[in-house]
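Could you put together the complete structure from these sequences and hints?
Now for the letters of each chain:
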Amino acid sequence: MQIAVCVKQIPDPGDPPRFDAQTYRLDRSGAIILDDSDAYSVEMALRLAEVAGGEVTAVSVAPDGELSGLRTALAMGVQRAVLVSDPALAGLDALGTAKVLAAVARRVGAELVLAATESTDGYTGTVPVQLAELLAWPALSFARHVELEDGLLRVQRQTEAGYDELRCPPPAVVTVTAGVVEVRYPTMKGILSARSKPVDQLSLADLDLEAAEVGVLGAGQEVVGIEDAPVRAAGTMVTDDGTGHVAVLEALRSWKVI
Amino acid sequence: MMDRILVVCEQRDGVPSATVLELVSAAANLATAVEGVTWGPGGAAAAAVLGAHGLARLLDLGDLGDRLPAPRVADALAARMAGEGPPAAVLVPMSYDGRDVAARLSARLDRPVLANVVGLRDEEGGLVSEHEIAGGAQLARARFTGPGPGIFVVRPKSFAPASDPSRPPATVEAVALPAPGPRDAVEVVARHVEERTGPGLEAASVVVAGGRGLGDQARYARVERLAELLHGAPAASRAIVDAGWVPYAYQVGQTGKTVKPDVYVACGISGATQHLIGMKGSHHVVAINKDPAAPIFGIADLGVVGDVNEVLPRLIAALEAEA
Ligand SMILES: Cc1cc2nc3c(=O)[nH]c(=O)nc-3n(C[C@H](O)[C@H](O)[C@H](O)COP(=O)(O)OP(=O)(O)OC[C@H]3O[C@@H](n4cnc5c(N)ncnc54)[C@H](O)[C@@H]3O)c2cc1C
Ligand SMILES: Nc1ncnc2c1ncn2[C@@H]1O[C@H](COP(=O)(O)O)[C@@H](O)[C@H]1O
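Chains as they are written, first to last, in the numbering used here: chain A, 673 to 930; chain B, 18 to 340.
Hints are computed from structural coordinates only; laboratory data are not their basis.
From the three backbone atoms N, C-alpha and C, an ideal C-beta is built for every residue, glycine too.
Hints may contain errors.
With a straight-line cut-off of 25 Å between C-alpha atoms, the simulated SDA-like cross-links for lysine to any residue are [to be verified]:
#1 B/Lys174 with A/Gly834
#2 B/Lys307 with A/Glu922
#3 B/Lys174 with B/Gly198
#4 B/Lys174 with B/Val210
#5 A/Lys861 with A/Asp872
#6 B/Lys307 with A/Thr911
#7 B/Lys277 with A/Asp793
#8 A/Lys928 with B/Asp279
#9 B/Lys307 with A/Ala905
#10 B/Lys174 with B/Ser112
#11 B/Lys307 with A/Arg904
#12 B/Lys174 with A/Ala901
#13 B/Lys277 with A/Gly907
#14 B/Lys277 with A/Thr831
#15 A/Lys928 with B/Ala338
#16 B/Lys174 with A/Val895
#17 A/Lys928 with B/Ser222
#18 A/Lys928 with B/Ala334
#19 B/Lys307 with A/Arg925
#20 A/Lys928 with B/His301
#21 B/Lys277 with B/Ala220
#22 A/Lys861 with A/Arg690
#23 A/Lys869 with A/Arg752
#24 B/Lys174 with B/Arg160
#25 B/Lys174 with B/Gly57
#26 B/Lys174 with B/Val192
#27 B/Lys277 with A/Thr792
Which bits of chain B does chain A cover? Going by a derived footprint, with three or more residues having C-beta under 8 Å, they are [stated by the list, open to error]:
#28 110-117
#29 155-161
#30 229-238
#31 310-317
Structure (structure tokens):
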């Protein structure tokens with residue numbers, strides 16, 4: 673089975689986000705890493721390929737030929753990577769990203785696409801299901817447990833009240849929640865072998881896509897401003913010297929909770 | 018005032034979700050006509066309460082059996098818009114099914130989605146949505162351009178629900194769906210409800226949340242006990258949900274629940290931006306953490322720098338002595 677896993681390469685979330693004052697776009701000039709959310713989807717893809725047989729391709733859409741996050745996925749064990757990078761994609765939104773990912777999924781003949789429920793920096797949480805709709809595939813979202821047995825996907829899907837058990841034959845898109853599996857760390861051997869794995873770098877033209885079609889030009893939405901939110905007034909701090917709980921009791925009393 | 022707003026009305030056994038009532042109330046302030054779409058057993062029974070909140074018309078797709086709703090709801094909405102023209106906006110609750118509906122509809126209509134909306138304002142040139150970014154430290158404003166409806170996915174508790182019992186129930190219109198297609202291949206084989214006692218997390222006036230600072234799973238019992246003594250609900254950071262200490266339904270934050278209780282007590286929680294997004298609207302915040310530099314203290318009315326495993330037992334003993 674050909675499995676594609678979507679990976680987003682993002683600025684290190686440890687650094688505070690900066691936005692361009694004119695375009696309101698995220699400043700990506702710092703270190704770029706594999707989104708931690710996608711480390712889970714990569715791990716899941718590798719495990720499913722181990723039981724079902726098949727290959728995993730990591731797919732990413734990112735500016736400036738960015739490969740650092742894809743290298744992490746390769747070091748974890750995926751067989752190949754595809755990067756779509758094109759100056760015409762500047763300011764690409766979630767739907768546009770899904771369109772590009774759909775074109776890549778078709779090109780690599782994916783029968784199963786894995787992604788994270790939401791990215792750390794964008795967290796629209798819509799890209800994977802938009803992708804499913806564009807491919808006219810079913811989607812099993814918010815998976816907290818995934819198995820592939822006798823060609824059938826079995827998923828536990830998170831719900832407001834608990835979880836649902838789902839069953840579906842591929843092709844399908846599956847989005848996993850964090851914690852779905854324990855993520856492996858790349859080994860030295862993995863890091864070294866990643867260097868010789870195939871990385872396909874594609875432009876829009878390679879995918880027979882036009883910028884207008886992907887929706888970058890008239891993206892249909894715009895940011896009109898970014899402001900600092902009102903800050904909360906600073907509170908009281910106490911250091912526990914054996915009576916810290918008394919301060920809590922007093923506060924609860926003053927707020928009429930007890 | 019806009020013409021028409023469509024709200025995706027999730028409900029269970031005739032009871033709309035709290036977020037749906039918030040969205041219908043907000044829509045009633047923004048548009049002259051508010052319409053909804055619902056599905057699942059009991060949809061029509063929601064017409065009265067939805068009507069009281071300002072919904073005029075409710076499209077009911079009926080029981081979808083063992084199929085997931087998103088593809089079916091998106092189809093029905095797209096078909097309706099092809100017939101009657103697009104509404105000014107589609108408001109979707111930020112929930113499991115809501116997000117999937119919005120994503121499918123977006124691809125169907127070739128319109129983008131604005132997600133994580135926490136406010137909507139009617140300005141010249143259309144609706145402007147507000148979004149918390151950087152853990153709520155900044156507010157971004159965005160709007161749709163070009164033809165077609167704006168699809169807004171709205172976080173829970175962004176608007177106050179407002180009902181007027183003198184308003185009539187929404188008119189219910191049953192909608193016939195075409196046969197399921199390849200996108201509907203997912204079968205729901207079983208549904209599991211994870212029971213919890215005490216008030217629901219989203220409605221509780223006191224929330225006591227535990228994090229990795231508790232040290233181990235057994236000590237989470239202290240969080241539960243304190244919640245019980247304060248007639249509140251226990252909650253958790255993602256770190257301990259991922260570690261399997263408590264079910265996902267306890268998680269507060271970006272990917273978990275949004276809570277706005279009267280008092281939020283954070284026990285051994287660092288206060289990562291993704292956690293703050295889910296609780297910073299709380300009226301009062303108490304934080305117990307041994308690290309004086311923990312970001313959670315930045316939004317706490319009372320910060321106790323100390324070992325949570327010493328402070329909590331003393332606090333619990335004092336409350337038990339009073340009870
Ligand atoms: C896409 C994405 C979505 C996310 N969504 C969520 C979400 O919905 N909700 C969420 O909570 N997180 C979410 N996170 C994770 C978030 O970034 C943090 O990792 C998580 O909130 C940390 O949980 P914690 O505070 O319990 O653990 P830690 O960050 O490990 O903090 C533990 C704290 O306990 C303190 N401590 C340790 N020992 C003691 C002691 N004995 N007494 C007192 N204090 C002690 C430490 O000083 C520390 O501050 C998300 C992350 C991503 C990438
Ligand atoms: N630029 C991208 N390249 C590859 N995958 C992406 C990209 N953007 C989003 N995804 C996938 O979609 C998931 C959800 O992203 P989002 O909709 O931004 O929350 C991510 O975790 C990835 O799995």
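Here is what the structure says about each hint:
1. With a C-alpha separation of about 21 Å, the suggested pair B/Lys174 and A/Gly834 falls inside the 25 Å cut-off, and the hint holds.
2. The suggested pairing of B/Lys307 with A/Glu922 holds, with an alpha-carbon distance near 20 Å, which does not exceed 25 Å.
3. Of the supplied pair hints, the one linking B/Lys174 and B/Gly198 is violated, its CA atoms being roughly 35 Å apart against a limit of 25 Å.
4. Only pairs whose Cα atoms come within 25 Å are accepted, and B/Lys174 paired with B/Val210 is accepted, the gap being roughly 23 Å.
5. Note on A/Lys861 and A/Asp872: the hinted pairing holds, with a Cα-Cα distance of about 22 Å set against a maximum of 25 Å.
6. Straight-line distance between C-alpha atoms of B/Lys307 and A/Thr911 comes to about 9 Å, which keeps the hinted pair within the 25 Å bound.
7. Note on B/Lys277 and A/Asp793: the hinted pairing holds, with a Cα-Cα distance of about 24 Å set against a maximum of 25 Å.
8. Taken as a hint, the A/Lys928 and B/Asp279 pair is honoured in the structure, with Cα atoms around 10 Å apart against an allowance of 25 Å.
9. Using a Cα cut-off of 25 Å, the hinted pair B/Lys307 and A/Ala905 holds, with the two alpha carbons roughly 22 Å apart.
10. Simply put, B/Lys174 and B/Ser112 have alpha-carbon atoms about 12 Å apart, close enough for the 25 Å limit, and the pair holds.
11. This hinted pair checks out: B/Lys307 and A/Arg904 have alpha carbons roughly 22 Å apart, not beyond 25 Å.
12. For a cut-off of 25 Å, the pair hint linking B/Lys174 to A/Ala901 stands: about 17 Å separates their Cα positions.
13. For the suggested pair B/Lys277 and A/Gly907, the alpha carbons sit about 18 Å apart, so the restraint of at most 25 Å is met.
14. Between B/Lys277 and A/Thr831, the direct Cα distance comes to roughly 21 Å. Compliance with the 25 Å bound is thereby established for this hinted pair.
15. At most 25 Å may separate the alpha-carbon atoms for a hinted pair to count; A/Lys928 and B/Ala338 meet this at roughly 18 Å.
16. Between B/Lys174 and A/Val895 the CA atoms are separated by roughly 23 Å; this keeps the pair inside 25 Å, and the hint holds.
17. Under the criterion of a C-alpha separation no larger than 25 Å, the hint pairing A/Lys928 with B/Ser222 is consistent with the structure, at around 11 Å.
18. About 19 Å separates the Cα atoms of A/Lys928 and B/Ala334, which keeps this hinted pair within 25 Å; it holds.
19. This hinted pair checks out: B/Lys307 and A/Arg925 have alpha carbons roughly 24 Å apart, not beyond 25 Å.
20. Of the pairs offered as hints, the one joining A/Lys928 and B/His301 holds, with about 11 Å between alpha carbons and a cut-off of 25 Å not exceeded.
21. Straight-line distance between C-alpha atoms of B/Lys277 and B/Ala220 comes to about 8 Å, which keeps the hinted pair within the 25 Å bound.
22. At most 25 Å may separate the alpha-carbon atoms for a hinted pair to count; A/Lys861 and A/Arg690 exceed this at roughly 36 Å.
23. Distance restraint check for A/Lys869 and A/Arg752: the Cα-Cα separation of roughly 6 Å lies within the 25 Å cut-off, and the hinted pair is therefore satisfied.
24. Taken as a hint, the B/Lys174 and B/Arg160 pair is honoured in the structure, with Cα atoms around 21 Å apart against an allowance of 25 Å.
25. For the suggested pair B/Lys174 and B/Gly57, the alpha carbons sit about 23 Å apart, so the restraint of at most 25 Å is met.
26. In summary, the hint linking B/Lys174 to B/Val192 is not supported, as the alpha carbons are separated by about 30 Å, beyond the 25 Å threshold.
27. Among the hinted pairs, B/Lys277 with A/Thr792 is consistent with the structure: their alpha-carbon atoms are about 23 Å apart, no more than 25 Å.
28. Counting residues of the segment 110-117 of chain B whose beta carbon lies closer than 8 Å to any beta carbon of chain A gives 4, which meets the minimum of three for the stated coverage.
29. Residues of the segment 155-161 of chain B lying with their CB closer than 8 Å to a CB of chain A number 7, which satisfies the three-residue condition for coverage.
30. Only when three residues or more bring their CB closer than 8 Å to a CB of chain A does the claim for the segment 229-238 of chain B stand; here the count is 0, and the claim is violated.
31. Counting residues of the segment 310-317 of chain B whose CB falls under 8 Å from any CB of chain A gives 4; the rule of at least 3 is met.
The structure is inconsistent with the numbered hints 3, 22, 26, 30, although it conforms to all the rest.
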